[in-house]
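A.B. asks: Listed below are the residues making up each chain.
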Amino acid sequence: MSGELITLYVTAIVLVAVTGLYYLLVTTSLIRAVIGLELVTKSITLGLILAGRLTGKVGLGQALAITLIVVEVVVLVVAVGLILLAHRHTNKVDTRDLRSIKG
Amino acid sequence: MLTLFVLVPLLVLLLLNISWRALPRIVPQAAVLVLGFADVVFGLALPTLPVNSEIPVLSELHFGLVADDLTRVFLVSIGLVICAAAFVNQESMTTERAHRNFCSLLLVSLIGMNGAVLLSDFFSLYVFLEVTAIASFILIAIERGIFAVEGAFRYLLLSAVAAMFMLTGVGLMVFTIGDTTFSAVHESLTIANGSPLLLKMAVGIFIIGLFIKGGLVPFHGWLPGAYSSAPPGVSVLLAGIVTKVSGIYALVRIAQDVLVSDPSLSMILLVAGSASIVVGAIAAIGQSDLKRMLAYSSISQVGYIVIALGAGTELGIVAATFHLFNHAIFKSLLFVDSASVESRLGTTDMGKMGGIGAKMPWTGTTTGIAMLSAAGIPPFSGFWSKLLIVLALWKAGREGFAILAVVASVLTLGYFMVMQHRAFFGKPSTQLDSVKEASAGYVVPAVVFALITVLTGVFFPLLKDSPLSFLLLNKGLSW
Amino acid sequence: MNDAIVEIAMLVTFVLMALWAVLATKLLRAVVALAATSVLVTLLLFRLDSPLAAVFELSVCAGLVSAIFLGAITLTQPENEAEVAVSAKERIRRYWYLPPLLLLLGVALLQVALPDVPTTAAAADDVRKVLWTSRHLDLLGQITVLVAGAFGVIVLFKEARKNER
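Protein chains in written order, with this note's numbering: chain L, 1 to 103; chain B, 1 to 479; chain X, 1 to 165.
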């Protein structure tokens with residue numbers, strides 16, 4: 001794999017991770033926050049596989065990525081469950097309507 | 001053999017849920033208590049057990065679990081807090097269904113924490129911390145109140161961000177050395193060929209994730225909401241052990257096994273630790289809600305543990321571990337007591353409690369013990385761990401931080417005095433006439449924890465030569 | 001050379017899709033963009049000799065996750081037309097500096113020169129072998145996570161029955 005291509009991969013991975021994280025921090029919609037989280041997860045999946053590929057440990061990279069996908073989908077299910085519960089209480093899915101607890 | 005710490009709870013969890021309709025309420029409750037107690041007993045007896053012997057059927061599987069004294073301290077703490085949480089929950093959770101789910105999720109949390117303290121691999125650590133975290137999100141929201149759902153969602157988002165940091169660290173580890181075990185990372189860092197800087201960065205990024213999970217300043221925003229909105233039993237679990245295992249245990253592990261006395265790590269820990277001590281203590285003074293105050297106090301106490309690690313010496317690690325154990329005991333005790341007050345008054349607003357100590361003598365007394373231990377007053381156990389922390393810092397040449405730790409202790413005493421004054425001391429108002437002592441489910445764990453605090457404190461000078469010396473990591477230190 | 005162009009195109013699309021998922025005004029479109037990102041990750045994983053992870057990404061992330069999001073959107077109906085218009089305005093205020101930030105970051109990162117890595121090093125070990133020889137603990141963790149998820153569904157999704165004692 002050529003060095004330039006690796007640089008491109010790394011750039012794409014970092015950019016998507018930053019996009020997701022930025023979105024997660026800025027958005028007020030609960031669902032959109034979770035979308036941001038998913039974007040970060042995707043870039044990390046790709047990053048793990050790339051890291052495994054570059055060190056010749058494709059198997060390790062894949063094993064970690066698969067576990068990661070399983071864990072994160074469960075986190076997502078719980079997050080959506082919480083969003084639906086919050087919606088039942090307030091009929092809104094926006095953090096601006098959930099300011100009763102201050103950090 | 002060590003695999004059983006994870007496999008047995010998993011098996012029990014599955015068995016309980018195959019036919020739970022027929023099971024009376026006592027069965028899941030008993031299962032949790034037995035498994036929690038087993039953690040304590042086997043944690044204490046670990047050196048006498050044939051740890052490395054293989055179980056015939058499972059000999060083909062390699063889980064790579066290892067146990068040392070640090071693990072033992074945590075197994076004992078996990079077991080104690082799980083039992084306390086089960087006791088409190090038995091009293092506070094009214095619906096049958098919530099109670100059953102609570103017991104099952106408590107077991108999930110137990111599996112996650114047992115696994116986390118036994119494993120020796122960065123990626124597996126992420127997996128098991130997520131197991132614990134997912135159980136916590138659901139537990140916080142188990143009664144579906146709006147505050148709890150909001151607290152849980154915030155916790156989920158920050159915990160997920162923390163997980164992303166940890167995974168980025170893991171990815172860099174795979175990239176640099178193609179391995180994620182603690183020993184491999186430690187070796188590559190010490191022999192220092194290849195790119196140790198990138199590897200150090202990887203561990204550093206992983207540590208940022210741990211800071212978020214442990215609720216250290218400036219990543220503490222999620223913690224008070226999550227603690228105070230959770231049902232009483234869940235607050236005991238979260239404050240007593242979950243955040244300690246998810247954030248702080250791994251920090252101690254890394255300081256002990258991976259980044260041994262690394263100067264840059266020390267500096268980060270010292271700064272983050274002292275920021276947490278001060279911010280947590282100052283914020284605690286201003287709270288009017290008992291649970292929120294205890295949550296901020298947790299942030300401050302965790303700061304002490306981290307600052308002790310920052311000393312970068314063996315004594316620092318011993319002090320941190322011992323304070324962790326003490327903190328697990330007295331903070332669980334305080335949350336059990338806040339649960340008993342809540343059970344009688346239906347609120348945790350300190351303004352409405354004035355003089356409750358006279359009506360609830362057991363609760364009042366045990367709170368007093370926990371508070372004195374937290375503030376580091378002799379002869380309670382917290383005094384010794386704080387003394388060790390100050391000593392460790394002083395001996396490491398960090399005199400400034402040692403002085404800060406002492407001064408902040410006064411702050412701790414300050415906010416606890418405010419609490420005692422507002423909530424427990426004084427003449428009870430007439431509105432509290434009908435209030436009685438809380439039921440046995442609250443008083444029993446409170447008294448047990450108070451006894452542990454007192455006895456560990458009184459007999460501390462003998463601790464070094466006793467079978468309990470593992471609490472000090474079996475180090476024959478002289479101080 | 002031809003291969004490299006395909007890969008570059010996929011990477012660029014990957015970033016653009018992620019950006020679309022963030023900037024889309026309608027939630028439904030954001031979810032579609034997320035699924036598209038997922039499909040691109042799948043293709044990239046295939047290019048990196050990781051077919052098993054690719055299949056997982058496709059079925060779980062592009063399939064299951066999108067379904068969960070669509071379910072959540074249908075159940076909550078978060079935005080009506082008027083609200084979309086309002087939030088679109090606000091969105092511009094909130095996000096306008098994201099694309100320039102990404103552009104700067106991208107240009108900076110592209111300056112980093114990395115050494116070539118021999119491709120022959122790949123395919124040295126098999127994922128099934130790794131999962132089944134050295135990562136048993138993770139499998140155990142996966143089982144526990146799935147059990148925890150099942151409780152999550154039971155606790156959070158099930159309607160509370162009113163006449164429960």
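Honestly, the hints are just simulated from the structure, not real lab data.
None of these values were measured; they are calculated from a predicted model.
Virtual Cβ for every residue (Gly too), placed ideally from N, Cα, C.
Check the hints yourself; a few may be wrong.
What the hints assert, rightly or not - If you want the footprint, here are the derived chain B segments under chain L, 3+ residues with CB under 8 Å:
(1) 151–159
(2) 165–171
Claimed, not checked - List time: in silico EDC-like cross-link candidates among lysine to aspartate or glutamate, alpha-carbon distance up to 16 Å:
(3) B:LYS352 with B:ASP262
(4) B:LYS200 with B:GLU143
(5) B:LYS352 with B:ASP289
(6) X:LYS26 with X:GLU90
(7) X:LYS158 with B:GLU96
(8) X:LYS158 with B:GLU143
A.B. asks: Now tell me if each hint is right for this structure.
C.D. replies: The hints, checked one at a time:
| no. | hint | verdict |
| --- | --- | --- |
| 1 | 151–159 | holds (count 6) |
| 2 | 165–171 | holds (count 4) |
| 3 | B:LYS352 with B:ASP262 | violated, 49 Å |
| 4 | B:LYS200 with B:GLU143 | violated, 43 Å |
| 5 | B:LYS352 with B:ASP289 | holds, 10 Å |
| 6 | X:LYS26 with X:GLU90 | holds, 13 Å |
| 7 | X:LYS158 with B:GLU96 | holds, 15 Å |
| 8 | X:LYS158 with B:GLU143 | holds, 12 Å |
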